[in-house]
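Quick note, the sequences are listed as chains A and B, same order. For what it's worth, this note's numbering labels the leading residue of the first sequence as 71, then goes sequentially. For what it's worth, this note's numbering labels the leading residue of the second sequence as 2, then goes sequentially.
Heads up, some of the hints might be wrong.
Under the rule of at most 16 Å between Cα atoms (straight-line distance), these lysine to aspartate or glutamate pairs were calculated in the EDC-like manner [said to hold, decoys possible]:
hint, chain 1, residue 1, chain 2, residue 2
1, B, Lys29, B, Glu246
2, A, Lys136, B, Asp233
3, A, Lys235, A, Glu321
4, B, Lys220, A, Asp138
5, B, Lys50, A, Asp268
6, B, Lys35, B, Glu148
7, B, Lys160, B, Asp233
8, B, Lys35, B, Glu246
9, B, Lys240, B, Glu148
10, A, Lys307, B, Glu216
11, B, Lys160, B, Glu148
12, A, Lys306, A, Glu322
13, A, Lys132, B, Asp233
14, B, Lys117, B, Glu100
15, B, Lys117, A, Asp268
16, A, Lys314, B, Glu216
17, B, Lys29, B, Glu148
18, A, Lys307, A, Glu322
19, A, Lys235, A, Glu322
20, A, Lys306, A, Glu321
21, B, Lys117, B, Asp101
Hint data in this document are derived by calculation from the structure and do not stem from the laboratory. Owing to the predicted nature of the structure, the values given are computational and were not obtained by experimental measurement.
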Amino acid sequence: MKIQNPKFKFIVLTLFTVHCSLFTASDAHAMHISEGILPFNWAALWFLVALPFVAYGLRRLKILSKTDLSIKPLVGLMAAIVFVISCMPIPVPTAGTCSHPAGTGISGILVGPTISILVTAVALLIQALFLAHGGLSTWGADIVSMGVAGSFAGYLTFRALRSVKVNMTVAAFMAGVLADWATYLTTSVELASGIRGDSPFLPLFYKILIAFIPTQLPLGLLEGAMTSGMVVLLYKKRPDLLVKMRVLKAEEAIS
Amino acid sequence: MGDLGGIKRLKIMEVFSEHFKTGHFLSKVDARAKLIVTLALLGMVLSYKGTMFPLVIAAISIVLCLKMHIPVRILALRLAQPVLMAFAVLLLKLFFSGEDILFSFNLFGMELDGHKDGLIEGLLIASRILGGVSLLVAVGFATPFIEFMAALSWLRIPKSFIEITMFAYRYLFMFLEDATTIYSAQKNRLGYSGIRKGLSSFGVLTGSLVLRGFEQSQKTADAMIQRGYTGDLPLLKGKPLRTIELAVAFLIVAFGGAVWMI
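Please work from the sequences and hints to get the whole structure.
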């Protein structure tokens with residue numbers, strides 16, 4: 071049997087090459103764009119995109135730290151937690167391998183998207199410098215995909231669902247799912263635009279997106295489950311913290 | 002669930018470049034000089050239009066790592082994922098980019114065409130990945146964290162950002178140890194014996210870390226306030242850069258620039 075359909079051919083081969091190469095290592099770190107993948111101009115562009123978000127986050131941190139001296143240690147410790155969470159592999163049954171969660175959904179919910187961008191930027195910098203996951207030149211692109219897209223998607227989903235009285239577990243689950251998928255969608259855009267060369271953007275973007283699907287669709291659901299598990303645990307054990315972080319209103323914590 | 006990102010196979014501290022910082026010939030070089038050279042060479046690697054320069058940088062960086070007595074096992078572990086990434090991009094470009102057919106073959110009934118222009122583009126990107134990652138790995142092994150932060154401060158990175166990075170780094174190891182301990186306890190009690198159980202255990206693990214983070218941040222802030230913390234951490238003040246180090250950094254960048262232009 072000879073397969074001639076070019077679309078089918080590219081789907082099968084893309085899945086095979088990219089999926090095997092990126093995701094079969096026991097500790098896959100496909101969330102980060104590796105050092106060197108993006109050419110100079112694209113790396114610089116993503117830095118420019120990330121810069122205003124990071125600058126606004128720093129400004130907000132400065133304002134908050136004037137009234138609350140524990141905010142900087144808290145943001146630093148959240149960054150350490152996001153670092154540790156994104157070093158942990160979780161099983162992806164459909165892919166038969168492990169990938170890792172982003173952790174930006176939960177940090178977006180807990181500390182808000184602008185501070186969560188800082189949290190992500192710090193975790194990414196330490197990973198790039200001392201573990202060679204991600205990179206210095208791709209730091210901007212990684213901040214945009216994990217920090218900006220992940221945090222805002224997680225935060226906005228959680229807030230929107232809570233505002234229409236959706237159960238907290240479901241809202242946190244959806245926030246985790248969409249934060250993860252938003253991260254991968256943005257990563258696909260960044261990768262496709264960076265490595266396309268003279269080829270058209272859209273076909274390569276679809277190929278990368280398809281290659282991510284076997285791992286990222288289930289991983290998003292797992293990250294959703296993890297995020298809702300974390301929020302529920304905090305609600306049961308320390309609802310006062312959720313009130314302090316403005317995730318809950320005081321009356322909701324009492325009830 | 003597998004082990005924690007290879008953490009179980011290695012000692013926790015061994016995962017970090019920081020662990021290998023002492024006693025090698027580059028540890029005495031000012032972090033600012035190393036950072037200047039790294040950023041300049043990285044810019045050249047990314048903007049070079051061929052494969053030669055990035056591969057030379059990769060080779061030099063790996064030799065430097067070996068000269069710093071970094072175990073080959075650690076080096077291989079650090080480079081494994083970027084090498085796989087480079088390979089994936091190379092295959093993507095070879096088979097799905099370009100028009101000039103270089104070879105064709107049949108794979109499980111599929112007629113595959115490798116393209117010459119796709120191969121060249123793929124090799125360009127793969128060499129950039131190898132050059133960039135090797136450079137970053139070398140500077141990571143060569144520079145202690147605190148010095149790196151002081152160098153970033155010298156480069157006018159906002160102080161607040163450096164402060165929270167230092168807080169994060171200070172507590173990373175504590176959380177890694179906590180995560181390993183909780184994970185081992187859960188695993189011994191069959192917490193990962195099925196997908197559902199594993200997921201629930203993982204949620205408890207990460208939730209416990211978040212709880213610990215909140216509690217620890219308050220304790221840390223209280224302890225620091227008692228010691229006079231007013232919202233700003235003192236950072237390592239760098240001495241003026243020595244002329245010899247600046248000159249060597251300039252020479253390396255100039256030599257790199259000359260090779261880059263060839």
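Mind checking the alpha carbons of Lys235/A and Glu321/A for me, to see if they're no more than 16 Å apart?
holds (14 Å)
Next pair to validate is Lys235/A with Glu322/A; report whether the Cα-Cα distance is within 16 Å.
holds (12 Å)
For Lys314/A and Glu216/B, compute the direct alpha-carbon distance and say whether it is at most 16 Å.
Status holds; Cα separation ~13 Å.
Straight-line alpha-carbon gap Lys50/B to Asp268/A, limit 16 Å:
Since the Cα atoms of Lys50/B and Asp268/A sit roughly 14 Å apart, the hinted pair holds (cutoff 16 Å).
Pair hint Lys307/A and Glu216/B, alpha-carbon separation not exceeding 16 Å:
holds (12 Å)
Check the hint pairing Lys117/B with Glu100/B against an upper bound of 16 Å on the C-alpha distance.
Since the Cα atoms of Lys117/B and Glu100/B sit roughly 8 Å apart, the hinted pair holds (cutoff 16 Å).
So if I understand the rule, the pair passes when the alpha-carbon distance is 16 Å or less; does Lys136/A with Asp233/B pass?
holds (10 Å)
Holds or violated: are the alpha carbons of Lys132/A and Asp233/B at most 16 Å from each other?
Holds. Lys132/A to Asp233/B sits at ~10 Å (cutoff 16 Å).
Pairwise hint evaluation, Asp101/B against Lys117/B, where the allowed Cα distance is 16 Å at most
holds (6 Å)
Check the hint pairing Lys117/B with Asp268/A against an upper bound of 16 Å on the C-alpha distance.
Distance of about 14 Å is within 16 Å: holds.
For Lys160/B and Asp233/B, compute the direct alpha-carbon distance and say whether it is at most 16 Å.
Measuring from Cα to Cα gives roughly 8 Å; hence the hint holds.
Can the restraint linking Lys160/B and Glu148/B be considered satisfied, given a maximum Cα separation of 16 Å?
Since the Cα atoms of Lys160/B and Glu148/B sit roughly 14 Å apart, the hinted pair holds (cutoff 16 Å).
Checked against the numbered hints given earlier, this structure breaks none of them.
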